[in-house]
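Asks: Now for the letters of each chain:
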Amino acid sequence: MPVVAFTFDRLNKFFPGEKLDDILKIVPFIGVDIEGVNNAAVRIEYNPNRPDFASDYGIARAVKGLLEIETGIPEFKLSGRSGCAINVDMSTSQVRPYIVSLVARNRKLDDETIKQLIAMQEDLQNVIGRRRLRASIGIHDLDAIKFPVTYTTVQEDFSFTPLGDSDSHTIRHILKEFDVGKQYGYILQKSNAYPIIQDAENNVLSFPPIVNSNLTRIGTATKHLFVEVTANNLEVAEDVLSVMAMALYDAGFEIQTVSTHNSDGRNKETPKMDPSYIKVETRYINRILGLNLKVTDILKCLKKSRLDGKVMSGKIIECTIPRYRTDIIDQTDLIEEVAVGYGIYNLRATIASSDLSGKRNYLSVCLDIVKEVMAGLGMIEVVNFNLVSRKIHYQLMGIPDHENILTAEKTKSIEHEILRESLIPSLIQTLSHNIHEEYPQKLFEVGKVFQRGDRIKEYWNLGVVVAHSKANYTEGKSLMQTFLKTSFGKEIVTKSNENAILVQGRSSDIIVDGLTVGYIGEIKPMVSDNFRLRVPVVAAELNLSHIMSVS
Amino acid sequence: MTRALGIHNPVLAWGGGLERIAMLRFGLTDVRDLYQNKLGWLRSIPRCQL
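Residue numbers (our numbering), protein chains in the order written: chain A, 18 to 568; chain B, 2 to 51.
Calculated directly from the structure, the hints in this document are not laboratory data. A few of these clues could be false.
[Claimed, not checked] Straight-line alpha carbon distances no greater than 27 Å define the calculated DSS-like cross-link-like pairs of lysine-lysine that follow:
#, chain 1, residue 1, chain 2, residue 2
1, A, Lys388, B, Lys39
2, B, Lys39, A, Lys327
3, B, Lys39, A, Lys30
[Claimed, not checked] Distance windows between CB atoms, simulated:
#, chain 1, residue 1, chain 2, residue 2, range
4, A, Leu310, B, Trp42, 33 to 43 Å
5, A, Lys42, B, Trp42, 42 to 52 Å
6, A, Gly393, B, Val32, 26 to 36 Å
7, A, Glu335, B, His9, 21 to 31 Å
Idealized CB from N, CA, C, for every residue including glycine.
Could you put the whole structure together from the sequences, leaning on the hints where they help?
Replies: Right, here's the structure in full:
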């Protein structure tokens, strides 16, 4: 989860007169986690659904609401048009179609504010920007730019001086040799036109989403900013810009709009910061929260969550949602905001009014009985994975692969490539990991096996292996007979069979109520050798799903 | 989300992994101990009293 650092200096500046401990106590209740505190700052972990928490301004805004220092919609106003314009060339629609921007004026930047803005830019790009693929941000020194700016595309032999470098390089070189080029170049792969932002004198501002130019670098001498967001999704671009606008306003900047002239002749002033409105019924709020709030209480809770509400007729509240709250989509989100404003710490746990009690699923109860009986018979339970290797389940078992094996596509490990059809191979593998432990070793596993038919079938099986110098078929049969009698009250019939992993003449099918439900047999010495076992092994496997269905 | 699937009653869901709790309970530092089926360990662990 992304993290924002809030220095103690800034906490004291934003919350004069509040004790640090009181602030830290309330911080988690805006819906974040305190990851750690060191001697300079608090590190706050927030969820990606709240991009406005990517800067300490956003955290402060929410905390002020809960502490009732500032409530209701946070103050924001646009200071008119900047007079700056961007002309968008049609060629960008093939590669990265959207650009929105703003101008922020009249605020001297200090180191910590720059740090917060850069950290916010990084988090927004990585999280809602999906590692710059969907959206990326450029923060520029306004005074270094001659307007109007053009957003267009160039070929790969175009060159400019990227941020932090002293020489000019071609696009081709940057994508091939620079770290940012190698990391984000794939975003531009499908075209041979590369997006570029240039000013009226053909100076480059940025090569989105890769890197800015050195020309517009910001520092503590910068007083005015030009912030642009390029994207392959317009809504995301506008969301990102609104979050940046709110943070910059809180930082003390005056926000002005920029005219975007699209190639189809349409013009747009950005950012658009109009709030949205969603209606919610007070009855619904109380039902979900289990409270009995009056309309005035609900309004107060909304205000503490930095929203606002207006009472319409018939106990309906129309809530005002500021533009930067991209996380509020419908009524249930508003109910959550009411709960946050009410104070999650104020919600009391009560015993549910229903007198129905839950109980364990019947299958779980059955499988538990199976395990208890096996333990009673002196067996040790082991657990192995459902995804196994071909080597252990086919090659070492001496049976051929077949084309119906359920195989994971693009597995990251051949140890976990196929879904198992039997429990026995993994159990034999477990024996081979324990050759230095005392014998007799008597293991069982209750687990799932998988078969491909016209549909994929899943069964619960019981697998048993007994390993010691005198292990033989009779012991195996005695075990299975007792097990089925004790767990399911069933008598078994055995019939000699042929099984590729079992010694000929020392193996049989297990039949219950006329249905073949498993097998018992001595494992072929060749198989034991493959697994480097030095004692005989008798194995049995039972399809519990089939037995439970006839019980 | 649940509405789109035709469920109109409120749905509560939560979950947690058991491995960390088991590691705390048995004083383990390596989660692989729970999956390696080492008989020496399995034979020595007492039954968990809940």
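Asks: Each hint should be assessed against the structure and marked as holding or not.
Replies: Here is what the structure says about each hint:
no. : hint                           : verdict
1   : Lys388/A / Lys39/B             : holds (19 Å)
2   : Lys39/B / Lys327/A             : violated (65 Å)
3   : Lys39/B / Lys30/A              : violated (58 Å)
4   : Leu310/A / Trp42/B: 33 to 43 Å : violated (54 Å)
5   : Lys42/A / Trp42/B: 42 to 52 Å  : holds (43 Å)
6   : Gly393/A / Val32/B: 26 to 36 Å : holds (30 Å)
7   : Glu335/A / His9/B: 21 to 31 Å  : holds (23 Å)
Consistency note: the structure conflicts with the earlier hints numbered 2, 3, 4.
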